[in-house]
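Trainee: Chain residues, written in single-letter form:
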Amino acid sequence: MKRFGIMLLIVSIFCLVAAPVMAANINLVIPLPLTGKQAKFGEIMKRSYEIAVEEINAKGGVKGQKLAISFEDSTGKPEIARSIVEKLIGTKKQPIIVGEYTSACAKAVAAVAEERKTPYLVVASADDNITQQKYKYVFRQNAVNSHYSDGVADYFKKIVKPSTIAILYESSAFGTSGAEAMRKDAKAMGIKVVVDEKYEAGSVDFKPILSKVKAAKPDVVYMVSYVMDASLLMKQIKELRIDAKQFAGGAAGFAIPEFLQNAKDAAEYVISATLWTEKLKYPGAKEYANKYKAKYGDFPSYHGASAYASLYVVADALKRAKDMQPESIRAAMKATNLMTAFGPVKFEDKEGYQNQNFNDTFVIQVQKGVFETIWPENHASKKYIFPVPTWKDRR
Amino acid sequence: MNKYSPFLLLGLLALLPFVGLSSYMMHILILFLMWSVIGIAWNLLSGYCGQVSFGHAAFFGIGAYTAGIFYAKVGISAWWGMPLSIIASTIAALVIGYICLRLRGPFFALATLAMGMILKVIAENLTDFTGGDIGIMLQQRTWVDKTGYYYIILAIAAISFFVVKKIVESKLGYYFVAIREDQDAAESLGINTTLYKTIALCISAVITGIAGAFYMNYMGYIDPKVVFALHDISIITIMVVMVGGVATYWGPVVGSLIMVMLAELIRSIPKLGEAHHTFFGVLLILIIIFMPNGIVGDFRKFAKFFGVRRAQR
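Line by line, the protein sequences give chains A and B.
To convert, count from 1 in the first sequence and add 251; that's this note's numbering.
To convert, count from 1 in the second sequence and add 702; that's this note's numbering.
Quick caveat, the hints were computed from the structure, so don't treat them as lab data.
From a predicted model like this one, the values you see are computed outputs, not experimental measurements.
There's no promise every hint is true.
[What the hints assert, rightly or not] Taking lysine to aspartate or glutamate and the DMTMM-like style, the derived pairs with C-alpha atoms no more than 20 Å apart in a straight line are:
no.	chain 1	residue 1	chain 2	residue 2
1	A	435	A	611
2	A	438	A	470
3	A	328	B	966
4	A	458	A	490
5	A	343	B	966
6	A	344	B	847
7	A	297	B	976
8	A	328	B	976
9	A	343	B	847
10	A	291	B	976
11	A	368	B	847
12	A	387	B	847
13	A	385	A	578
14	A	385	A	600
15	B	873	B	883
16	A	344	B	966
17	B	973	A	294
18	B	973	A	305
19	A	585	A	365
20	A	288	B	934
21	A	328	B	934
22	A	288	B	976
Work out the full structure, taking the sequences as your base and the hints as a guide.
Mentor: Written as structure tokens, this is what we have:
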């Protein structure tokens, strides 16, 4: 019986911890990948949500009520993301869902949200067809993947003027649709695609594909990858001394601080599409970035900015909604017209998308180890460096 | 466990939706039953027949993709995927069995592991057919309410449980166990080992495939990374059975209870939940060290630890 007693003790400690810790007015639970491959992005977003909620509460919260957020780890698996959302809608009666990162999880969440008629704000999942399903309750704040490359394509057209391109992308929904968008842009500009290769995400050796690239001698190389692959690709490009007029990345792995840390000097002059940079002239963008940097030592990526702004969007919608019912919140979300640190947010139905925010995309370039906004020129923080020196001429 | 306990449990589970459980609880129950089904399937091949497979995601994915492809390309309801997946998984099992069942022990395990990975790469690259990495998404799921799904997966689980039980108690089952214990001895006794191993693989594949087809219908979205996942499907399948008890009827069910319910419970604890992987890892290590035959297999030890003195049978 002694053992039984010990077990009882353990269980009771368990229950004590499990008891609700917070008791605030508006509780939002945010599903995020906090472990697993996408944890890096989840972490950036988690920190940004926290900064945002602090500011919103300091300014008086929503309708006099304080906003409280907590997080649940979806581990990047759709069925777990769904578990969380089922719980939020079914048990906790949360009137609006925000969060998730990977497109697969966002799709699972979106389907549940639509069925249960609860608004869902997609923060950073890019796959085009999330907002092409004629969903009424799903809103997306970040641009769709097929628009991610708009800025880069424009830069190619006006500055680089390539005649051939190599497209490398990871095998994921994000990689595939990103590559497809660039293929279309290339066709429209009359650029010939000489290498078009998909690789298994998380590979360690890109040399077989890269030697193809080297043999084809493309003017530009466009890569769509998540974190580790991005820096590894650039490092191996440097090792193989592949020279191109311009190396470009399609956001995600190329636009976060880890890329600079891991790829080091191989990252120099690389341009990348991005949805946001800390140097943009949006109100609050700089303040947010500095706050984030002071706390965590790095500038946040566009994922963080989108997460940060999303809570403002939600708070704004909750303020305007006539009550806390999902239906009125949906109506308020639909009428959103807010200037945020992430840029203007407005949910439109066009080009076959529903409730989609069409924000501008930008081009950043690594200059002396930091990201500088270079395109479009009216947003530029530094002038672009072009032509890019060959590997031999560097240093 | 007496003779009637399976029926009793089935009856209880069938009554559960009437209690008025939240949609969240229903979701967890559905996942629990789905994993039980996959566990039961794996247990037949690897627990009873001794052919340890590391690639059950292959059959799960084939089932899911059969439903998905027929929905997306032929335009019929994804529920047709369930009967159709029987054909697809059998063919796949015959092909995979033809290649892999010549190998024994670790070599078979590695070959099945490779099969799972190969199918994932195939699904990623046959973009015209499978939609590639974009995956397949159902425009609308059949029901918003979960009761329908629950009864379907409960029926599948019950049927697989009784089918496997019947097989194991029949002559076929003895052949399987004989093959597991000593393949050469079994062969010398006149058992056509290749044939019976193939039978075990086919049945196991069909059950897993049906679970896959159910997943497509239930989740409404699949892509190669989700359904052909090595870690999230193949390894979890093994864990479900290992934790519950290899070569026991109830092992997969108990294992799934732990792997799905307990995992969800631990994950949902505020603050502590962030370390759920650590927690769960420790739990698994403890189970493996102290109960190498799984919870069902070592139930006596388990009961003793809790100080429960039961009349030993």
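Trainee: Determine for every hint whether it applies to the structure shown.
Mentor: Evaluation of the provided hints:
Proposed proximity of residue 435(A) and residue 611(A) is supported: the alpha carbons are some 18 Å apart, at most 20 Å. Simply put, residue 438(A) and residue 470(A) have alpha-carbon atoms about 15 Å apart, close enough for the 20 Å limit, and the pair holds. Between residue 328(A) and residue 966(B) the CA atoms are separated by roughly 13 Å; this keeps the pair inside 20 Å, and the hint holds. Taken as a hint, the residue 458(A) and residue 490(A) pair is honoured in the structure, with Cα atoms around 10 Å apart against an allowance of 20 Å.
For the hint linking residue 343(A) to residue 966(B), the alpha-carbon distance of about 16 Å falls within 20 Å, and the restraint holds. For a cut-off of 20 Å, the pair hint linking residue 344(A) to residue 847(B) stands: about 16 Å separates their Cα positions. With a C-alpha separation of about 12 Å, the suggested pair residue 297(A) and residue 976(B) falls inside the 20 Å cut-off, and the hint holds. Restraint check: the Cα-Cα separation between residue 328(A) and residue 976(B) comes to about 15 Å, which is no more than 20 Å; the hinted pair holds.
Taking the CA atoms of residue 343(A) and residue 847(B), the gap is about 17 Å. The hint holds against a cut of 20 Å. For the hint pairing residue 291(A) with residue 976(B), the CA-to-CA distance comes to about 14 Å; that is within 20 Å, so the pair holds. Restraint check for residue 368(A) and residue 847(B): satisfied, since their Cα atoms lie roughly 13 Å apart, inside the 20 Å limit. For a cut-off of 20 Å, the pair hint linking residue 387(A) to residue 847(B) stands: about 19 Å separates their Cα positions.
Pair hint residue 385(A) plus residue 578(A) holds up; C-alpha atoms about 17 Å apart against a cutoff of 20 Å. For a cut-off of 20 Å, the pair hint linking residue 385(A) to residue 600(A) stands: about 10 Å separates their Cα positions. A C-alpha spacing of about 15 Å is found between residue 873(B) and residue 883(B), which places the hinted pair at or below 20 Å, so the restraint holds. Only pairs whose Cα atoms come within 20 Å are accepted, and residue 344(A) paired with residue 966(B) is accepted, the gap being roughly 19 Å.
Of the supplied pair hints, the one linking residue 973(B) and residue 294(A) holds, its CA atoms being roughly 15 Å apart against a limit of 20 Å. Between residue 973(B) and residue 305(A) the CA atoms are separated by roughly 19 Å; this keeps the pair inside 20 Å, and the hint holds. Restraint check: the Cα-Cα separation between residue 585(A) and residue 365(A) comes to about 15 Å, which is no more than 20 Å; the hinted pair holds. Proximity of residue 288(A) to residue 934(B) is assessed by CA-CA distance (about 13 Å); at most 20 Å being required, the pair is judged to hold.
For a cut-off of 20 Å, the pair hint linking residue 328(A) to residue 934(B) stands: about 8 Å separates their Cα positions. A threshold of 20 Å between alpha carbons decides the hint, and for residue 288(A) with residue 976(B) the separation of about 15 Å falls inside it, so the pair holds.
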